[in-house]
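Protein chains: 4
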Amino acid sequence: MIKVGIVGGTGYTGVELLRILAAHPEVELAAITSRKEDGLPVADMFPSLRGHVSLAFSAPEKAKLTECDVVFFATPHGVAMAQAAELLAAGVKVIDLAADFRLKDTAEFEKWYGMPHSCPDLLREAVYGLPEVNREAIKQARLIGLPGCYPTSMQLGFAPLLAQGKPLVNESALIADCKSGVSGAGRKGEISSLLAEASDNFKAYGVKGHRHLPETVQGLQAIAGRKVGLTFVPHLVPMIRGIHSTLYATILPEARDTDFQALYENHFKGERFVDVMPAGSHPETRSVRASNMLRIAVHRPGGGDLLVILVVEDNLVKGAAGQGVQCMNILFGLDEKTGLAHVPVLP
Amino acid sequence: MIKVGIVGGTGYTGVELLRILAAHPEVELAAITSRKEDGLPVADMFPSLRGHVSLAFSAPEKAKLTECDVVFFATPHGVAMAQAAELLAAGVKVIDLAADFRLKDTAEFEKWYGMPHSCPDLLREAVYGLPEVNREAIKQARLIGLPGCYPTSMQLGFAPLLAQGKPLVNESALIADCKSGVSGAGRKGEISSLLAEASDNFKAYGVKGHRHLPETVQGLQAIAGRKVGLTFVPHLVPMIRGIHSTLYATILPEARDTDFQALYENHFKGERFVDVMPAGSHPETRSVRASNMLRIAVHRPGGGDLLVILVVEDNLVKGAAGQGVQCMNILFGLDEKTGLAHVPVLP
Amino acid sequence: MIKVGIVGGTGYTGVELLRILAAHPEVELAAITSRKEDGLPVADMFPSLRGHVSLAFSAPEKAKLTECDVVFFATPHGVAMAQAAELLAAGVKVIDLAADFRLKDTAEFEKWYGMPHSCPDLLREAVYGLPEVNREAIKQARLIGLPGCYPTSMQLGFAPLLAQGKPLVNESALIADCKSGVSGAGRKGEISSLLAEASDNFKAYGVKGHRHLPETVQGLQAIAGRKVGLTFVPHLVPMIRGIHSTLYATILPEARDTDFQALYENHFKGERFVDVMPAGSHPETRSVRASNMLRIAVHRPGGGDLLVILVVEDNLVKGAAGQGVQCMNILFGLDEKTGLAHVPVLP
Amino acid sequence: MIKVGIVGGTGYTGVELLRILAAHPEVELAAITSRKEDGLPVADMFPSLRGHVSLAFSAPEKAKLTECDVVFFATPHGVAMAQAAELLAAGVKVIDLAADFRLKDTAEFEKWYGMPHSCPDLLREAVYGLPEVNREAIKQARLIGLPGCYPTSMQLGFAPLLAQGKPLVNESALIADCKSGVSGAGRKGEISSLLAEASDNFKAYGVKGHRHLPETVQGLQAIAGRKVGLTFVPHLVPMIRGIHSTLYATILPEARDTDFQALYENHFKGERFVDVMPAGSHPETRSVRASNMLRIAVHRPGGGDLLVILVVEDNLVKGAAGQGVQCMNILFGLDEKTGLAHVPVLP
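Residue numbers (this note's numbering), protein chains in the order written: chain H, 217 to 563; chain C, 217 to 563; chain F, 217 to 563; chain S, 217 to 563.
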């Protein structure tokens, strides 16, 4: 059994980790920390876990995290980078669900997250936890920075186009029109996330710039091995879970004869958590609700030069906690699907 | 034109007052205060008001509230009682949407609101602003304490039963099973009101005790002229606006032959904002959405001894701002419906 | 492996059965019928099942249902009673999710379902599939009529009160104020179930009479061994899944000293799918979302004579498909929890 | 008073027309037809209209539509073109909310709507009812084909870019990523519009082709006087009302110095129902809920070559019934805002 610790378990990615790990057959939940909730049984805060999780929150200094095999950070940005070194020194693997180990450029990190990066050395070592792109590196990693929710969908959605030897689309003018459920904003008392504000409503936000833009560009460039230009427009959907990314790319004249459906199917062949749907499909976010699956459909409206790629994922699973467990499975040599075989909940 | 001031216009009852008053033909919006938002145009916070409200928020000390004809308090409990005396002394009428002038018993007030009452004298003078019960007193009032949202629906729903010379139902064992949309919790950053918490969910709350219980009992007893016992169970509905109260009362043996449908229709004859629906109806909250109407249906399932009364209202209109404007119309001798003729928004 | 057939798999209870059975370790999905969708892969209709269910729908006459060990009917009322005899004769166990085998009185059946009952003999044999009440009978059954969604919550909620030797509450005047998500209305193109009608709205319905009333009274009387009177008022909640029943019962003078919390805890001791929460709790429907759990909280507001019992369940799981699988587990001697250990999905 | 008739008043555009016209100071509602609901008081179907509309539905042959001044068709496609000629002959103005008089090319009409066009002559005469583009023609019209809901937002969103003497953006590669509430699908019992299907979910649809594409291209080309290429991807949002269109256009090198904010503000100067918001704004659909306003924000992320235009409208008001009333006001020489001054309902 893998001894797992969780730092910061009171947010949505924390409770989702608990939902998944509580039923994971190879995991023993060893500790979950929260300074504020020290002593409170986890199931008192989240009654959905009654009968499944008997642990109580403990203050960080009481939790014997260094005795764990792996520790997940489901914390605000900045916490993991302060604590990772000590855990790594004790031989504990670290998986950060926040942004501390995503951006390789510390100047970019400081610009977008408003704090200096406290351990550039670890940042260099950290592996970006997107298994469908980075599986071999993850196998060897000690420290994993998990992708953001939007970046997961954008990178996997564009990957087959960019991963070819020569450009198929205008890589300097990609567009991602993304829509996310409200849980993406976290379990924080913000007025804009109130049901009375966000329900029966739709809006774009962060059009000027969003933290997930530099992360995604970095990832897309790593996939392409070339410079990539992206416009990213996030929107808020009145639903709890789910991201739907509508991606646009202009086909280059020399690539007009490409069979893009086949390209996508081949690219993701054998992947257990990426489902390239039949041509003409319109994936729905609920078709992956509460599961680690990501579904993609490839469209070329009117047979023209614009590709439209539709991508859906559950932002809390494939976009966060599930992807973390997928990485953990890889790290510890388990079948990647262990504990992640949930049938999506529909309706 | 009536010069109107609003103290505390950044919450839901505040913006609803603005929506109604901006289109009221006899009103001039003179001032709206918010210490925190001093100088901010109201329409910058609520873009729905662009083109309708040109005022900016002003700090309380800058707003010339004593020059108004009437001032509404759309503030947290405790604010109106601190400022009412000065306004009244200047000849300004005061309408409080919070609880400062609802409970006649100061001990009860302190128990439920956790603060001492600072002006018991004014409390004695204050008129409870439920026009269908209290119209004549409102006409003469200087200071009005508006009913809470739940209490409005419970009192109007039970009133015809209790207002008779002798009891028709077991008045010591009334039950009110009430359901409210989330806007009732206010425009505050509370986790329990997040879309990701309250949507696709249903729960009761405050079963042990809720502030609206003593207020409603006081009101029901005033209507009946007798002691009344009430159990009140509020629930949270994943919708923005609306209250649906399901009221239960056991018919006394001697009242079994009463025509309750006729009783209700007669009781509310001539009322412009109470609609007794045909027998067998199931009123929906959306049938009063964004309007000052309250609809009632009377049921006696299986012809038995239990009356089931269904009541719907928009908690922000008849349950708050609309009722406030209705009182203002009465205070200033206008037709009660002035500025309140909104057709409900459906769908 | 238990060979399972499903008749009528295109509705919500059908797809929920598939979600649960696809991951059940002791089940082999052998056939699923739909005349209209003959030949269509199930996962084409419900993409959530891609990768989990490879079966296609088949016309009833092609499906070899008599070779199954058990057949579930997730059909409209009237279908199971037409086909059960043939299956039972072939040694197949039958579990009906519709109402054909719920009401023991055929006259009542005809009154509420508008059709004559075609096999009163089987009706006499049929066992009511509520394990927490009827477990021993289920073990021996060939034919099970599963309870309706509302009746499950009402019966389990009232059971501890009624199952005592002498009455504790006024059993002639029970009240159930129930609230259900919209999936309870089925996957049918009815205007009243449209998002544009049912969302941001709340209403009661069927106050005059609802099919689940006679079923529940029959069940409560079987538990009590005495006559029971019930008023049942169902309401529609703008959410997908979940039932919240708020139950009211008046404590008899001689039972005022009863410790009702203890009574409930003792009654359900050892039950795996009934969770009596700590005193003072307010269970939320989302705390059981997509799981077979039912949670109960016992309240006595103000220490008075009125008991308020709060009950939540997922109407598609404990209220339908999950309870069916629970019965199947009992029928085949499996641990009752096999395939039913889902951690509820929150948020 | 203008005598108004409505053909087909049982759908969402019909009830929205009623909501607006019932409060219109210059209108007398003379007749509303529905063969199926002949004799039923309108307010029995839509209780929100109780006290506001006393008319009953009447069968078409009984309604004296030829005595009206104007008749609105809120019917399925194909109805208006069968009845318009008779009304026009009687001197009645006709406003069609369906698609019969939108597409000027009858072959296109037949392709997208699956029926031949029965009166090409009238089609030639019909004026496209988009006042901000076509006001002068509307003044003289007898017959108006109102724009679709999506096309209104796309045309007004792109209009300032295309209405210039020379191209500012790549007009052959416009993109419209549009999101609509579910009321856009109409008041029809379709499974995909059920709350249990569409709620807590997000999806694209019709990516291969949608009826609003040829209409929008026709309109954009009329504005530009040049050929225009558009990719249109509609999505379904789990909300009742509202459309949010996110429009993308690539700035031509020679137009890089254009002040696009100023261009939009100038273009719509004086328009009462188009609000160009301050630079950097993110309009929300709720900011126009239940009103005839359309709001636009202009973005140029990172100062690059891609313009992002955000447009919101209420699909039932500016996208249908409200625009119809706006056209009626123009037709009859009234102030355009008469009866359309609703303050949007927020929250």
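No lab work stands behind these hints, which were simulated from the structure alone. Keep in mind that this is a model prediction, so the values were computed, not measured. Hints are supplied without guarantee of correctness; some may be wrong.
You can't tell identical chains apart in this list, so a pair holds if it fits in one copy or across any two.
[Claimed, not checked] In the DSS-like style, the derived pairs of lysine-lysine whose C-alpha atoms are separated by at most 30 Å in a straight line are: (1) LYS280 / LYS553; (2) LYS424 / LYS404; (3) LYS424 / LYS485; (4) LYS553 / LYS219; (5) LYS404 / LYS252; (6) LYS320 / LYS553; (7) LYS443 / LYS382; (8) LYS278 / LYS382; (9) LYS252 / LYS553; (10) LYS355 / LYS219; (11) LYS382 / LYS280; (12) LYS424 / LYS252; (13) LYS382 / LYS553; (14) LYS278 / LYS553; (15) LYS280 / LYS424; (16) LYS404 / LYS278; (17) LYS280 / LYS219; (18) LYS355 / LYS280; (19) LYS404 / LYS382; (20) LYS327 / LYS443.
Return the numbers of the hints above that this structure violates; sort them in rising order. Per hint list: 8, 9, 11, 13, 14, 15, 19 violated.
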